[in-house]
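Q: Each chain is listed here by its residues.
Protein chains: 2
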Amino acid sequence: MREVCVVGIGMSKWGEVWRRSLRQLFVDAAMEAIKDSGVDHLDSLYVGCMSSGMFVQQEHVGALCADYLGMAGLPAARVESACASGGIAVRQAFLEVASGASEIVMASGVEKMTDCSGDDATSALAGAADQEYEVFHGATFPGLYAMIAHAHMDRYGTTPEMLAAVSVKNHHNGAMNPVAQYPFEVSVDRVLGSVMVADPLHILDCSPITDGAAAVIVTSEEVARKLGKPYVKIIGSGLATDTIAIAQRDDITAIKSAGMALDRALKMTNRKLSDVQFAEMHDCFTIAEIVVMESIGLYKPGQAGPAVLAGETALDGKFPINSSGGLKSKGHPVGATGVAQVIEVFKQLTGRAEGGRQLPGSPKIGMTQNMGGTGASSAVHILEVA
Amino acid sequence: MREVCVVGIGMSKWGEVWRRSLRQLFVDAAMEAIKDSGVDHLDSLYVGCMSSGMFVQQEHVGALCADYLGMAGLPAARVESACASGGIAVRQAFLEVASGASEIVMASGVEKMTDCSGDDATSALAGAADQEYEVFHGATFPGLYAMIAHAHMDRYGTTPEMLAAVSVKNHHNGAMNPVAQYPFEVSVDRVLGSVMVADPLHILDCSPITDGAAAVIVTSEEVARKLGKPYVKIIGSGLATDTIAIAQRDDITAIKSAGMALDRALKMTNRKLSDVQFAEMHDCFTIAEIVVMESIGLYKPGQAGPAVLAGETALDGKFPINSSGGLKSKGHPVGATGVAQVIEVFKQLTGRAEGGRQLPGSPKIGMTQNMGGTGASSAVHILEVA
Chain A
1 MREVCVVGIG
11 MSKWGEVWRR
21 SLRQLFVDAA
31 MEAIKDSGVD
41 HLDSLYVGCM
51 SSGMFVQQEH
61 VGALCADYLG
71 MAGLPAARVE
81 SACASGGIAV
91 RQAFLEVASG
101 ASEIVMASGV
111 EKMTDCSGDD
121 ATSALAGAAD
131 QEYEVFHGAT
141 FPGLYAMIAH
151 AHMDRYGTTP
161 EMLAAVSVKN
171 HHNGAMNPVA
181 QYPFEVSVDR
191 VLGSVMVADP
201 LHILDCSPIT
211 DGAAAVIVTS
221 EEVARKLGKP
231 YVKIIGSGLA
241 TDTIAIAQRD
251 DITAIKSAGM
261 ALDRALKMTN
271 RKLSDVQFAE
281 MHDCFTIAEI
291 VVMESIGLYK
301 PGQAGPAVLA
311 GETALDGKFP
321 INSSGGLKSK
331 GHPVGATGVA
341 QVIEVFKQLT
351 GRAEGGRQLP
361 GSPKIGMTQN
371 MGGTGASSAV
381 HILEVA
Chain B
1 MREVCVVGIG
11 MSKWGEVWRR
21 SLRQLFVDAA
31 MEAIKDSGVD
41 HLDSLYVGCM
51 SSGMFVQQEH
61 VGALCADYLG
71 MAGLPAARVE
81 SACASGGIAV
91 RQAFLEVASG
101 ASEIVMASGV
111 EKMTDCSGDD
121 ATSALAGAAD
131 QEYEVFHGAT
141 FPGLYAMIAH
151 AHMDRYGTTP
161 EMLAAVSVKN
171 HHNGAMNPVA
181 QYPFEVSVDR
191 VLGSVMVADP
201 LHILDCSPIT
211 DGAAAVIVTS
221 EEVARKLGKP
231 YVKIIGSGLA
241 TDTIAIAQRD
251 DITAIKSAGM
261 ALDRALKMTN
271 RKLSDVQFAE
281 MHDCFTIAEI
291 VVMESIGLYK
301 PGQAGPAVLA
311 GETALDGKFP
321 INSSGGLKSK
331 GHPVGATGVA
341 QVIEVFKQLT
351 GRAEGGRQLP
361 GSPKIGMTQN
371 MGGTGASSAV
381 HILEVA
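In order, the protein sequence lines correspond to chains A and B.
Numbering-wise (the numbering used here), the first sequence opens with residue 1 and increments by one.
Numbering-wise (the numbering used here), the second sequence opens with residue 1 and increments by one.
One chain only, chain A, in its complex shape:
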């Protein structure tokens, strides 16, 4: 397999974007990525999108996006793994370039969620869970993650304050991100005083419903060098699944797929987890960030919550997590999130993070962890400055 690089990035505005449709959001991000990279054509396109059918009655999103980018003819396909769809798009672009079949591939993601009413968005998102054994019986994602949170609190003494600390940190970072949906600070008191969605998760423990798109240009190293701009290598790509229903798992206080995906990604490299300096992690709910920190082996079980409280994952901490603001503050257009995680790592590695959130000490290696459902799938990418 040959070396694969990221050479350009683009994002649409994220938020409740009433005046842009799914295809327009995609084009906003895609055009920015093309301009940013300086490539003069694409060989192929992947679009991560979870549920355009249920959200806006549109499937066939790969062809749609190629068409509206003005590139009808371009090989294009949609990929889906619920909220890890963006991570899959990056992975497929990586594999296609690695195979030698293509030189320049766009990995993108898009979701238009707010054209659904609130109830419908929750129903559509429930498609990431087990329809027959979870959703049919009334489970929704806040409820499923609330069960995970309670189990974690019972076993390890994790507190609501620790969960809130994740939200406080991510909102602090997101306040410096110009595309974030909710770029404002919150306090622990404000999180704990916000409306309860599914005990112990308050609304400020939950990532929002978001319209948005993200795109990166993935190329061979030969092309990346010719473009003559700073670029980043994708040195590892790992994907893993788990049972779709949490009831089938031995232990719901860990998310096994996250650890397996990281191990598979690391196996492609000559690196260890301790070589990785920072991460974008899938904080769909505050408890998710804590569980993933432990599940990938960054902290022992029960120690992630105290570490967040102690500031160890803050911008100036020993292992910064979600410098972008994470899903919590930046927003979570489910198909785009995994691509946007790669964008933040690219920015940090090339010194382009805006608003004062650039990590100190010029980090060289970062990772993304993108997750579908309650962790029935996880995609991990490890990126290193070229």
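Hints are not guaranteed to be accurate.
Okay, derived cross-link-like pairs now, SDA-like style, lysine to any residue, Cα gap no bigger than 25 Å in a straight line [unchecked claim]: (1) A:K35 - A:K300; (2) B:K267 - A:M1; (3) A:K13 - A:Q57; (4) A:K256 - A:A139; (5) B:K233 - A:G100; (6) A:K272 - B:D40; (7) A:K256 - B:D40; (8) A:K256 - B:M268; (9) B:K267 - A:A139; (10) B:K364 - B:M268; (11) A:K300 - B:K364; (12) B:K267 - B:D316.
No wet-lab data here; the hints were simulated from the structure.
These numbers come from a predicted model, not from an experiment.
Given chain A's structure and the hints, the job is docking chain B onto it.
A: Below, chain B without anything else, positioned relative to chain A:
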């Protein structure tokens, strides 16, 4: 890129399968493919699925299928390009093995369509068209293909009898296929006397609504040789798109993506179209088979209809098309169709086609053409006996 092979095949029963859910249909096909190939594990799984969200409110189908196959943990992803989703699954498996990232990958497809009411299935399928510029204004797929048929009849003198001849041929072949949904013969009179769906397309010009799954095992040639059974090489894989809305095209009597995809697939090989001896083609409507025959350069515009009438594409004709029965008789579970096309070519190349439909003369090279929507995407694969 290294050589990539197909080493085993499996299909569920196709039809109105009330007692099997989406996940069970997948497992039926997947287990058969694993047994047929003799592999002892999988490295990765792709599931082609167009619209499980709108059909059965289930997304995250890659993880779901890995789980119910008893392989939770396995890297898995769903891919989608409307009715070409199965072709994309084969293509992604091809690229992953070609890249060297994996040795043994399952390419599968599944769709559970009859759990929708009739009206809903038509709505869900309309997600393959342009929601904003076609579907919103009332277009459905029978209507869109009827416009293509009328344009073709006006320009080239194609007749309803020529369209019916496609159906008659495909039902003749499908009557010999044990998994076909409608394994019976029809006559030209019966097609022309069947209820009109969208003039000039009668119900017997239209492929049916189908539940079903299909799976193939894709490996490196090294693994294929070790397994010690007859196998087939994938020598070319091509993917192309077109405008999603037919109103945006210069000419609706051709499907440009089919020709582009074939050209891209041939470019990977040292073969010409004239080296290809037979094909599985995307006959979602009878007119589609005729238009694709012309669009890939097999016949000059206007000559495909007369060629079908003359029996040139019959089992004993000079270029047999849809020996499986095609979408028309075998059925069209939209996500699975592209994989099932590869299965038929595999069977023909290895002498395993049942019921008397084995092609004479031991063909060496065959192709599949799988299409999304009105041709906004096409995936072509060229297979050669090893």
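Q: It remains to establish, for every hint, whether it holds in the given structure.
A: We went through each hint and held it up to the structure:
no. : hint            : result
1   : A:K35 - A:K300  : violated (43 Å)
2   : B:K267 - A:M1   : holds (22 Å)
3   : A:K13 - A:Q57   : holds (22 Å)
4   : A:K256 - A:A139 : holds (21 Å)
5   : B:K233 - A:G100 : holds (18 Å)
6   : A:K272 - B:D40  : violated (30 Å)
7   : A:K256 - B:D40  : holds (23 Å)
8   : A:K256 - B:M268 : violated (40 Å)
9   : B:K267 - A:A139 : violated (50 Å)
10  : B:K364 - B:M268 : holds (17 Å)
11  : A:K300 - B:K364 : violated (58 Å)
12  : B:K267 - B:D316 : violated (29 Å)
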